[in-house]
Structure formats: C-alpha cells, structure tokens
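K.L.:
This is what each chain is made of:
There are 2 protein chains.
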Amino acid sequence: MIQIDVKMKIAVLGTGMVGNAIGTKLIETGHQVMMGSRTPDNIKALEWTQSCGLNASQGTFADAAAFGEIIFNCTKGESTIEALRLAGEKHLAGKILVDLANALDFSKGMPPSLLICNTDSLGETIQREFPGAKVVKTLNTMNCQVMVNPGLVNGEHDIFVCGNDSDVKTVVKNILTDFGWRNIIDLGDISASRATEQLLPVWIRLMGTLGTPVFNFHVAR
Amino acid sequence: MIQIDVKMKIAVLGTGMVGNAIGTKLIETGHQVMMGSRTPDNIKALEWTQSCGLNASQGTFADAAAFGEIIFNCTKGESTIEALRLAGEKHLAGKILVDLANALDFSKGMPPSLLICNTDSLGETIQREFPGAKVVKTLNTMNCQVMVNPGLVNGEHDIFVCGNDSDVKTVVKNILTDFGWRNIIDLGDISASRATEQLLPVWIRLMGTLGTPVFNFHVAR
Numbered sequence: 001m002i003q004i005d006v007k008m009k010i011a012v013l014g015t016g017m018v019g020n021a022i023g024t025k026l027i028e029t030g031h032q033v034m035m036g037s038r039t040p041d042n043i044k045a046l047e048w049t050q051s052c053g054l055n056a057s058q059g060t061f062a063d064a065a066a067f068g069e070i071i072f073n074c075t076k077g078e079s080t081i082e083a084l085r086l087a088g089e090k091h092l093a094g095k096i097l098v099d100l101a102n103a104l105d106f107s108k109g110m111p112p113s114l115l116i117c118n119t120d121s122l123g124e125t126i127q128r129e130f131p132g133a134k135v136v137k138t139l140n141t142m143n144c145q146v147m148v149n150p151g152l153v154n155g156e157h158d159i160f161v162c163g164n165d166s167d168v169k170t171v172v173k174n175i176l177t178d179f180g181w182r183n184i185i186d187l188g189d190i191s192a193s194r195a196t197e198q199l200l201p202v203w204i205r206l207m208g209t210l211g212t213p214v215f216n217f218h219v220a221r
Numbered sequence: 001m002i003q004i005d006v007k008m009k010i011a012v013l014g015t016g017m018v019g020n021a022i023g024t025k026l027i028e029t030g031h032q033v034m035m036g037s038r039t040p041d042n043i044k045a046l047e048w049t050q051s052c053g054l055n056a057s058q059g060t061f062a063d064a065a066a067f068g069e070i071i072f073n074c075t076k077g078e079s080t081i082e083a084l085r086l087a088g089e090k091h092l093a094g095k096i097l098v099d100l101a102n103a104l105d106f107s108k109g110m111p112p113s114l115l116i117c118n119t120d121s122l123g124e125t126i127q128r129e130f131p132g133a134k135v136v137k138t139l140n141t142m143n144c145q146v147m148v149n150p151g152l153v154n155g156e157h158d159i160f161v162c163g164n165d166s167d168v169k170t171v172v173k174n175i176l177t178d179f180g181w182r183n184i185i186d187l188g189d190i191s192a193s194r195a196t197e198q199l200l201p202v203w204i205r206l207m208g209t210l211g212t213p214v215f216n217f218h219v220a221r
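For the protein sequence lines, the chains are A and B, in the order given.
The opening residue of the first sequence carries number 1 in my numbering; numbering runs sequentially from there.
The opening residue of the second sequence carries number 1 in my numbering; numbering runs sequentially from there.
Keep in mind the hints are simulated off the structure, nothing from the lab.
Heads up, none of these hints are tricks.
Here are the in silico distance ranges between beta carbons for each label pair: (1) D167(B) to F106(A): 29 to 39 Å; (2) F106(A) to A93(B): 31 to 41 Å; (3) R182(A) to L54(B): 45 to 55 Å; (4) N174(B) to T39(A): 57 to 67 Å; (5) M110(B) to E82(A): 31 to 41 Å; (6) G109(A) to L46(B): 46 to 56 Å; (7) G180(A) to D167(B): 37 to 47 Å; (8) M207(A) to M17(B): 29 to 39 Å; (9) T177(B) to M207(A): 21 to 31 Å; (10) R182(A) to M110(B): 23 to 33 Å.
Examples of chain B residues toward chain A, derived with CB under 7 Å: (11) S113; (12) L114; (13) T119; (14) V153; (15) G155; (16) H157; (17) A192; (18) Q198; (19) P201; (20) V202; (21) R205; (22) L206; (23) T209; (24) H218; (25) A220; (26) R221.
Anything over 10 Å on all C-beta distances counts as not near chain B; from chain A, calculated: (27) S51; (28) G53; (29) I81; (30) E82; (31) G88; (32) D165.
For each residue, glycine too, the CB sits at the ideal point set by N, CA and C.
Full structure from sequences and hints, please.
P.N.:
Below you can see the structure in the form of structure tokens.
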C-alpha cells in the first residue's frame, strides 16, 4: 500500500506547456514539485520556479526523478524513452510514473501519425523499458488547459486511467480528483494505453474541425 | 448535385447484425432495400426479406450493388475489399458508398488490433480501390443497436462523418437524421477515416469496462 501524504514530492519531467501546466497545478494543490529538463539551468524551468514560489524547484531529469515520490512524464512522446533514461532507471524503480505523453510522427506531414500504435503503445513501452516503475497512463487525451481545469469544458466529460497496479491508480485518481476531475474511467492494465493513445488522431481532427483545443471526450451511456 | 428521392433504392452488403439492423431501419424510413451476400440464396438474407415486407429483396453482392443508388457496406472490414470486388466496380462507379466497417485483426488474440491504421485506413483503401465510388465513412464508431436507435444512449452523443464530396455527405447526413441522429460531426475528407477507425480500440476496451455495447462518444465543448 502506498501512503498518500498531504504534501508529496513530485517530479515533473519536461518544461513545455504540459510540464508547466501540470507543475503549476501540483503546486496549487499542495505538493512540492521539481521540474526536470536536460540541463541544470533550463531557462523555462527557472522562470517556472520563480513564478511558483518556494515549493517549486528545478534540476536535471535525474535530479527531479531522484527528488520525486511520483514522476509525471510531460516530455514529448517522441523523446520520452531517452528522457527517462537520462532520469535514470534507479530513480524510477518502485515509484509511480504518470505518463501523459503521446508519441507523434510529424515526418509524414500534417496531421501527424503515431510512432507506436495498434499492437503496442508508448505507455506499454515505458513499462517494459522500466519494469521497476509503476506506470499509469492518463491525462493524454486532452489539451493541457483542460488537464488542469476540466471545468473549461461544459457538461459531463471523462478522463481515462490505466495501469497494472490498482493501489497506484488510486493515488493517481486522487490527484486527478484534486485537479477537478469528476468522471474517471479506469480501463484496466497498461495495455489500454493503446486505446487511449489512439484517440489522438480523432482529437487532432476535432481540433481542426472545432477550431479550438478546449474540448474533451465523454462516454455517453 | 445528387437528387434525393423520397424513396431511394439502397443496397445493403452483408447479412450480419449490422446489415440486418441497417437494412431494417432503411425499410422503416421509407426506402427500398436489397440485401447482398456471396450467394443468391443466403438464408439470413431470405429471412430478413420475409420479416421486412415488399420493399425488401435480396441477391448477390453484384445484384444488390446494381440495384442500389446508394450502397451501405455492412460487411466485416476484414473481407470488405473482396466483397466490393464481387459487387463489381462498374456497379459502384458514380454511386454513394457508405462504409460502416472496421477491419479488425483477431489473429493476435483479444482484444483485436486493427488490420489497417495510423497512416492509412479502410475508408481510404476503399476510396483508392474504387475511385469511381463516392465513399462516406460513418456509423463505424458505435454498436449496431445504437446506429439505428441513437435514443438508446442517454444525453448528448455524436456521430462522425467523413468523405471527399460535400453533396454526397449531405445525402448521407439526411439519412442519419432520419435514423434519429442529432449531432453529426463532419471531420472532412476520407482520410479522417484513420481517426474514426482508431476509435475502435478504446470502444472495445470501454465495452469490457462498462459491460455493455450500448454507449457512444460525445465531444463535450
């Protein structure tokens, strides 16, 4: 059983829009957060710490992973495995690794295709490459504004979670609840990453059709 | 501009649950329907005609495709191209071909993966193989009970349409409206088939999680 402290130490890997949004929300919901990047003096990470106050710090991927009891992978899916190798297998072992990424392939033009799909997924690849980590795939099916502020989207809408360890998923679901999520659908083991990562193509098409990234999927019953 | 008659002649290719549901609904909404199969005396097609009355008939794939002004592909995606070849390119040319199929691969166990995906799709393959046909992909993202009775699912929920010809999509949208669909999302050209066909993996997972096939996707905004 994993203990849930009121304040957890959390690593956020990635300094882009997703890392920034998630890191800020984790600070707002009472956690200590270290943002990790390739270098110890990333300008975006430094700016983020300055805007977030005393509970925010920054360092390398390895620094952050060593710091965190939970690690949020907010790197681009295309470079996630490399980033996690830099974070270090020993710093991931035994920890909760929340994977938000989608591995997109822009080499064939727009819209992007997926680098891994159908009979495999990024979530499964991470779990396979870092078997000591407890991987939970979630938050990968909506824009980062919606991730941390579900109320931006009207009406009922849902977030998907999958992973191999039920206790670990409970910890992650509690964080999602703190983020404002009300409808959390647990799709089972980490192989369900195939299913949620394959929502990206329709998400990208919908963004073009609707003219906004502020929308989300709902499973009506 | 394609003329919309009050009663159209429509071919339904396939005698399974999907063909049966679609054929019956098309009869109920005032059309003449010929159900097509591999043989001229398919027992399921004969039973269907007997239950549906004078506007229902049956024959080979080629008979049905020759009869129909619009052709609904309700065959299994795995054998769709072969079925359409039996229907005959000359009988598809210039006609609206509504593709409902998903090409699933059960050879690697459950849940199935997709036979075509990511950088291609069944919808695009059909359009490429039968360039004279006007392919519209729709109705492939829900169970056949929901296809013909959207009211089975509570609240707002959506159906996706894509295809290269706007006038043709208007004809198909009118049929969907007759089926009871209120929220029709047009995702653009036929390449959006990649997006909607890749909803199948999450659909299959959801069916397992929810314990029912009676649900549907809604894009909350």
